[in-house]
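Here are the chains, one letter per residue:
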Amino acid sequence: MSRAVVRPKSWVMFILLAICLINSAALAQDPARFPKPEFESGYQQPPTQTPPPRSTGREWMDVFVLAVALGLTSYFALKKRSRRAIWAMAVFSVIYFGFIREGCVCAVGSLQNVSAALFLSDYVIPLTVLAFFVIPLIFTLFFGRTFCAAVCPLGAVQDLVMVKPVPVAGWLQEVLGLFRYVYLGFAVLFAATGSAFLICRYDPFVSIFRMGNDFGMMLYSIGFVALSIFVARPYCRFLCPYGVLLGWMSQLSKKHLTITPDSCHVCRLCETSCPMGAIDKPTPEKLPVTREQGIRRLGVLLIFVPVMIAIGGGTFSRLDVFLSKMHPTVSLAEKIDLENRTGTAGTTVETLTFRSSGTPAETLFAEAGIIRKRFRIGGWLLGGFLGLILGVKLIGLSIFRTSTEYEPNRAACFSCGRCFSYCPNEHQRLENIRHY
Amino acid sequence: MNNEKEKLGRREFIKDALRTMTAAVIGGMGGFIGGRAAKNTVWQLDPNKCVQCERCSTHCVLTESAVKCVHAYDVCGYCQLCGGYHRPGAKIQDTAAENQLCPTGAIQRTYVENPYYEYTITEALCNGCGKCVKGCGAFGNGSLYLQVRHDRCLNCNECAIATVCPSGAYQRVPSDRPYILKGQQGQGS
Amino acid sequence: MNDLIQKFNLHEKTVYAVCRTVAVVAAVFSLIICVLLIANYLQTRAIDPLHSQALETLVKRLDQNPGDAALREQIRALHLLSRKAYFVHQWQLRSGGVLLLIGVIVMLAALKIMQNLQRQAPNPEDFPDSNNAWEALEQARNWVVGLSVFILGLAVIFAILSYREMSGAFAESGETETIALNNEPLKFWPNFRGPGGNGVANAEDVPGDGIIDSAHAIVWKVPVPRPGLSSPVVWENHLFLTGGDKHLREVYCFDTASGEILWQRAVGFTADSASLPDLETYPGYASPSVATNGRYVCAIFASGELICFDMTGNEIWTRDLGIPDNHYGHASSLIMYQQMLFVQYDQNSNSKLYALEAATGKTAWEVPRSDISWSSPICVNTENGVQLILANSKTVDAYDPQSGRRLWTLDCMGGEMGPSPAFAGGMVYAANENAAAVAIRLNGSQPEIAWEFDGDLPDTASPLATDRYVFLATSYGLLSCLDAKTGEKLWEAELDYGCYASPVLAGNRVYAMDSGGVLVIFEPGDTYQPVAEISLGEKSDCTPAIVGGRIYVRGKEYLYCIVLNQDGT
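Residue numbers (my numbering), protein chains in the order written: chain A, 1 to 436; chain B, 437 to 625; chain C, 626 to 1194.
Treat the hints as calculated values from the structure; they're not laboratory data.
For every residue, glycine included, the Cβ atom is placed at its ideal position computed from N, Cα and C.
Each hint should be verified, as a subset may be incorrect.
Said to hold, decoys possible - Each pair of labels, with its calculated beta carbon distance range:
1. B:Leu517 to C:Thr682: 22 to 28 Å
2. B:Leu517 to C:His841: 37 to 43 Å
3. A:Gly358 to C:Gly778: 43 to 49 Å
4. A:Ile95 to B:Leu517: 51 to 57 Å
5. C:Arg645 to A:Glu292: 36 to 42 Å
What the hints assert, rightly or not - These stretches of chain A come out as covered by chain C in the derived footprint (C-beta under 8 Å, 3 or more residues):
6. 150-164
7. 170-178
8. 199-212
9. 308-316
10. 340-346
11. 390-396
Unchecked claim - With a cut-off of at most 30 Å between alpha-carbon atoms, the simulated DSSO-like pairs for lysine-lysine come out as follows:
12. C:Lys987 to A:Lys373
13. A:Lys164 to C:Lys638
14. C:Lys1164 to C:Lys812
All chains should be modelled from the sequences, with the hints used to inform the complete structure.
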């Protein structure tokens, strides 16, 4: 094996390589070990294959498809009032955004990319991901949650497998619905601190679209699909953090899907038509409590909201140690610290790798300390947010809105159009169309 | 009745104002982030940081990992006794199964000329465990190394392997330069 | 429901029946696939084909009998089989997934058609009473309040748990130096009697096992400018000593490779320089050894001057602790743990234990102590966490290095306490002339005396403890070995001179410096097994430092570097 002659060219290459690898002590000495031979048999070195990733063009095409699908669904929900067309859109979205595109990046997940881009200076967000975040919000601001109806592959899957939905009691729906805010808060906190993308990690449907994941996640997915057969859209209603934002947008929306094509006769036929429990009923004329009582309660709650924000913030800021374990740097620092304190070394692959990297533990600890401080602030914000949400929810539950019609609840309605066929006016409308 | 209409009109006005404001906020935020936004990115692992923990082969969301071994022929010494091909302690340097390191037999060894042999990865068989990478790094030039293969990678928003990589080798790279290559190919860019 | 089906027309009935059959078949099919997939997963998890134990065993056997052709064939067959199993498993997972998906889709479609057939016009009379909207709101309010309290409670619990679990080490400051305790393999001897002050060298630092004569063993010897009894302290290539007299105290940094002085710094900032006592005879002004954590090096003198330098000799801070009321002169060495420096400042009155921030010299905490001593603290990892263990002329005490809380105390010493405690195998050992040698078993927070020994006892040399033996070296040259479990004397040996320096252990050898300047090397055991003797040619009362396979010793005037193997290792 020993040969003294080495082509100058390969030496140049080795030097370049050595410079390139200057930071990696493990490999820096390697290139010159066995110089590349000079072949006499005319051997041609094969190229290293580098199959390209999905092109940017295709990413932009997905954005385009998203916009078109949103437009079509809005048209079907608001103008054409066709449940069947919306269903067909849902099938399309599951096939295209789900099984063909295999999930990432979806609008729900893009929420984390946007959080990271807002709070982490070194995180860059691709424009297509930003588009996936913004376009559904804008559409919802004008047409209600038509994105949820049939464009979001997660929502569409649940919509399609919904066979025998059982009604969920009003209070239970309110309480479970609050978990969306909790999930949103934690997802943003972990994304904004660069710890983890919680929403992606616990996405119940992506493993079905990809037909693969680890065993536990597969079981979780199958469980969620099974649940979706009996509980209408459990993820959308009780977990989806993006749905929180869409709900806010929808409350301000310019137009929205209506149950009846003209005016409500309060025939009650649509009352139980919504498996998602998103129909607001007309309220009885008389107030259940006196005006004074109502105002007093409201006053107490209004004072209580800032208190809840303060308590929430104060408590959650003290979760910095606990929550920061989610950050890889902090978790590594804790392991190293534990090893140092117990006089061991290399109990895990992570610590072994860190110790062999030659980085002083001090640097790691300093970094972990900074991240923990960030979690301290993030904890304040998260706790304050949760306090605010719960306070506002309580106020919302104390105000008795008067209404004389059956209307979709703008924040909760997914615009799926299931209620259309329950309205006698709708049948009249279809009849009229048929006659013309 | 008139009063009621007035009320409705006021409500509509407030709503319009709020909607415009929200749209402006979303637009402003989009513009702020968009101003710093970059080209699309893909996941790639830095072979210089890789410690061959074998997690690439088990933690990918795909049943067959998107991470495979690639060979930088430029850096290869075409050795007769290859640390990436032969298991440590192999007495005879041939292609017999008992002398191979690769658990799936994904490396092809072909004779070039005395005493040189070419090593080629059969990607369909490679499971990305990195045993050969470790062997080649320890005894050879380090010409075998792991890379995310973008014909297979789904480009998950959060790469499942990146979350468990002990050396932080995974990073997002621009999609127009999706590989971190060794050898002349790697230098060219 | 059945009434409804009765009302179906023939077409509807047929569709319903077909759908029901399809749904049942698809459900059974999906279930079977599901079970198969799970079984497949569990099986491959139990016997991972690519990490086959059997294959490894066979390959190992082949290495022993390279000629065994049958074995070779067997390996090849098994190798092929395991590869096949691996790829078949992957194929099964993929195709099973597709089949399951198809099964579920068919089942759901059939169920949906059945459901649609059964759809009836709603009858508002069956609807639940809608007039209880206000009660529903009230109920929801209560639940929201309940949920808020639940979330808050959960947060409080996790906050408390996580804060308790965290020792406060790195999160509090973000800047922490970690120092190795006993047995951590790193290249240093950070204070008197090595890592943790326990007299045991790091496993990686054990000197060679050669036996050579004194002339060849000494690699270099260099003069130390001013006298002192402080023992060498080493961090990588830096070796620190102090020296001094009534007029000037000094800190020296030597290069361990050559013995060359890298820097030397004079210390003389005490306000009471005029009233410094005469300690010219014994033990002098520079008895305490320095302590370092690789970033700072701190030194203390009998004048009460405490000073901190960085590794290149820049002064970081100084503190004047005041001239101690000490008739021989302050002699306790310093020790550091993480970012803290500990000063055992025992004297006739106003004794204290200080914990200072190494970076600033500010007091992190201080606790009062009762009696005088010349003994040094040790900082060791016990099963109840890290403890700082000190001895004075009456008691042995342990403190929590983070808070200064006294963890336990035992009244078991006496006389003028010179030797430091030692720790091994869950036991603390302390000994002093005119008192006893005592073994303390750490039963959590209830330590108890395991045994006492009142034979020949050390005056200044600290006991050296291993899991099996305790070694005592007396000032009149009697070296004795006790059984660590029982305190029974196993053997004794007479040295030519007395021992004032503490014996230390490195690997399987004990190194004891006697005051005649002879480094006596022996192997610990049930009998005395001397290995070698290296003579410095001058007197020495300083404890050797053993780092990187070399032994550093301070004699009366010179500093020595000793190796034991012919090739210089």
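Name the hints, by number, that the structure is in violation of. Going through the list in order, the structure violates hint 5 alone and respects the others.
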